[in-house]
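Note that the working numbering has the sequence shown beginning at 67, numbered continuously upward.
Since the hints were made in silico from the structure, they are not lab data. Computed from a prediction, not measured in an experiment: that's the story for all the values here. Just so you know, even glycine gets a beta-carbon here, dropped at the ideal spot from N, CA and C. It is possible that part of the hints are untrue.
Quick list of simulated restraints, FRET-style, between CB atoms [said to hold, decoys possible]:
#, residue 1, residue 2, range
1, R171, E143, 41 to 47 Å
2, H140, R197, 17 to 23 Å
3, P269, H209, 18 to 24 Å
4, E213, D193, 54 to 60 Å
5, D165, D113, 19 to 25 Å
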Amino acid sequence: MLYFLLRTSTGEGGRERVETLILASKSPRRHELIRHMNLPFTAEDADVDEHVAGTPQDVVLTLAQRKAQAVSRHWPERFVLGADTVVYACGQVLGKPSDAQDAMRMIGLLSDGWHEVHTGVCLVAPDGQIRMHHECTRVHFVHLSQEQIAAYVATGEPFGKAGAYAIQGTAGMYVDRIEGSFSNVIGLPTQAVHALLRAAGYPLTL
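Modelling step: build the complete structure from the supplied sequences, incorporating the hints.
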């Protein structure tokens with residue numbers, strides 16, 4: 067469990083208290099995005115069943131809600147944020163690759179074409195209210211040879227990433243067009259998260 071206490075706010079009687087967001091994710095990329103939003107947070111992994119059928123939107127919203135509600139049971143008096151991201155290409159929902167062969171298959175589907183990155187976000191407030199958001203970003207990859215794909219997979223970067231790539235890493239040089247939120251492709255649409263927090267009454271300073 068990771069704690070990042072970056073700011074305080076004034077509570078009852080003028081006392082300062084830390085407003086800590088609970089992030090239901092172990093993703094280092096989501097941690098970094100939340101830090102960039104200047105939000106203090108505690109990260110807790112959500113142990114949930116991640117087998118969901120349906121459209122990309124159905125999958126990410128269902129999993130985001132499962133994660134947020136599972137962790138919310140441990141933190142009933144806190145704001146809890148859950149998220150899930152998948153890549154959709156050639157009619158297939160792509161999660162994280164299971165091995166090198168799977169990573170090569172996924173990147174082969176992305177090569178020389180458009181794909182969609184879907185993220186579902188769920189915010190559970192201390193009063194129990196649930197707010198949801200779905201974000202879709204379109205991304206276009208240049209053509210990649212099998213040798214390039216194999217070399218990229220050999221870097222190890224694809225593992226643990228939806229769609230087997232990290233746009234903020236080496237794979238960024240394969241992207242020639244993007245339509246929508248860049249942070250969404252990394253794993254969290256920060257503008258939408260900011261709006262959800264504001265609507266829920268979270269004490270934002272920025």
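Could you say whether the range 17 to 23 Å given as a hint is met by the Cβ separation of H140 and R197? At 19 Å between Cβs, range holds.
Can you let me know if the beta-carbon spacing of P269 and H209 is within 18 to 24 Å? Taking Cβ atoms as reference, P269 and H209 lie about 48 Å apart, which means the hint is violated.
Given a hinted range of 19 to 25 Å, is it respected by the beta-carbon distance of D165 and D113? holds (23 Å)
If I claimed the Cβ atoms of R171 and E143 lie 41 to 47 Å apart, would that claim hold in this structure? Cβ of R171 to Cβ of E143: about 45 Å, so the range 41 to 47 Å holds.
Within 54 to 60 Å or not, the Cβ separation of E213 and D193? This hint holds: roughly 55 Å between Cβ atoms.
Checked against the numbered hints given earlier, this structure breaks only hint 3.
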